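Engineer: Chain residues, written in single-letter form:
2 protein chains.
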Amino acid sequence: MNVLEAIEKRRSYRGIYESTPVQREDLMKIVKAGVAAPSGCNMQTPSFIIVDDAEILRKLHELMPPHVGDTAPAAICVLSQRVSAKGQRCFATQDYSAAIENMLLAIVELGYQSCWLEGQVTDSEEINKAMARTLNVPDDYELVCLLPIGYGEGMPPVLRKKAFTDRVWVNTYGNSVGRASDR
Amino acid sequence: MNVLEAIEKRRSYRGIYESTPVQREDLMKIVKAGVAAPSGCNMQTPSFIIVDDAEILRKLHELMPPHVGDTAPAAICVLSQRVSAKGQRCFATQDYSAAIENMLLAIVELGYQSCWLEGQVTDSEEINKAMARTLNVPDDYELVCLLPIGYGEGMPPVLRKKAFTDRVWVNTYGNSVGRASDR
Chain A
13 MNVLEAIEKR RSYRGIYEST PVQREDLMKI VKAGVAAPSG CNMQTPSFII VDDAEILRKL
73 HELMPPHVGD TAPAAICVLS QRVSAKGQRC FATQDYSAAI ENMLLAIVEL GYQSCWLEGQ
133 VTDSEEINKA MARTLNVPDD YELVCLLPIG YGEGMPPVLR KKAFTDRVWV NTYGNSVGRA
193 SDR
Chain B
13 MNVLEAIEKR RSYRGIYEST PVQREDLMKI VKAGVAAPSG CNMQTPSFII VDDAEILRKL
73 HELMPPHVGD TAPAAICVLS QRVSAKGQRC FATQDYSAAI ENMLLAIVEL GYQSCWLEGQ
133 VTDSEEINKA MARTLNVPDD YELVCLLPIG YGEGMPPVLR KKAFTDRVWV NTYGNSVGRA
193 SDR
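Protein chains in written order, with my numbering: chain A, 13 to 195; chain B, 13 to 195.
Chain A extracted, bound-state conformation (with noise of 0.2 Å):
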């Protein structure tokens, strides 16, 4: 599958997974598509912790909202460090979502499903704390997402999407792609 296809494919999964298992390999090839991604002044501030342990990860679920993955085999959990790049800026935000991103293609890729769980587990600070607890973290991390990962029982929905006119012009603010490609 190319790069495209993967981008189009790639949907947000909120069903019942397959309990077969993730392999290990597998789950290395994702975690290395995240730790490929750029960051900011390269300060490479996100960290990932593979959980395939079946104890471990009942003991996440519980402590989130129900059915959010939760008959996921496998999943990543996201680390994120504050770190300050060039000119006192940080850049954390922006790091571990390009290497979320780069991870849920990896999962495309491979024919697993996902569904990047951040608002989830942060909304309410216990939780991600919690967690971090739970996989005995340091504090001078922050949990920000975690990644259920699995074979789907089912499809993931396509969500309605804006006109894609709304959304890019050329050139100049308001001039739409139909308009702009006749010259």
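In short, the hints are calculated from the structure, not lab data.
Note that the coordinates shown come from a computational prediction; the quantities given were computed from them, not determined experimentally.
A hint or two may mislead.
A pair holds if it fits inside one copy or across any two, identical chains being indistinguishable in the list.
Stated by the list, open to error - Below, simulated DSSO-like cross-link-like pairs (lysine-lysine); rule was C-alpha separation at most 30 Å, straight line:
1) 141 x 174
2) 173 x 98
3) 71 x 44
4) 173 x 141
5) 174 x 41
6) 21 x 98
7) 98 x 141
8) 41 x 21
9) 44 x 174
10) 98 x 71
11) 141 x 71
12) 98 x 174
13) 44 x 21
Following the hints, put chain B in place on chain A, whose structure we already have.
Structural biologist: This is chain B only, laid out in the frame that chain A set:
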């Protein structure tokens, strides 16, 4: 090129670009990759302006620090709207970062080079605001990034990266991949 190959191949290119134009069709494929990125609660906060008009590109680069992608024959400017999603949380930074990463991978797939120029335009607020004025962008959008696009004359450097085992663990923080895979 499959997804994992593109992810490994992507590098930030800060060199000189060839003058060969970028096909409009390719620029469309690249923004489609951006549009297809996930967004928090499907709020679709990023928008995009393709810039391939030489005069407008020149005006944008006049506002920017010198020698950052100013020889590229095209660019995509990324706009963001800080719209709140569920629970008053705003995921706009995550949204545009995922969209940018998608576009960078599409750029690799299509054989071009690019570089995520964000701090260069947002460190001093006046630069991105002046760029937005040049593109006639309304005040409720923030211009957050410019991606130069074109064929590179040279190759991007390989950056020094932290050790993989300093960024990836298995089932518990500190449980390194090598050790864990022995089980």
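Engineer: Identify every previously stated hint that the structure contradicts and give their numbers, smallest first.
Structural biologist: Nothing - there is no hint that the structure violates, so all of them hold.
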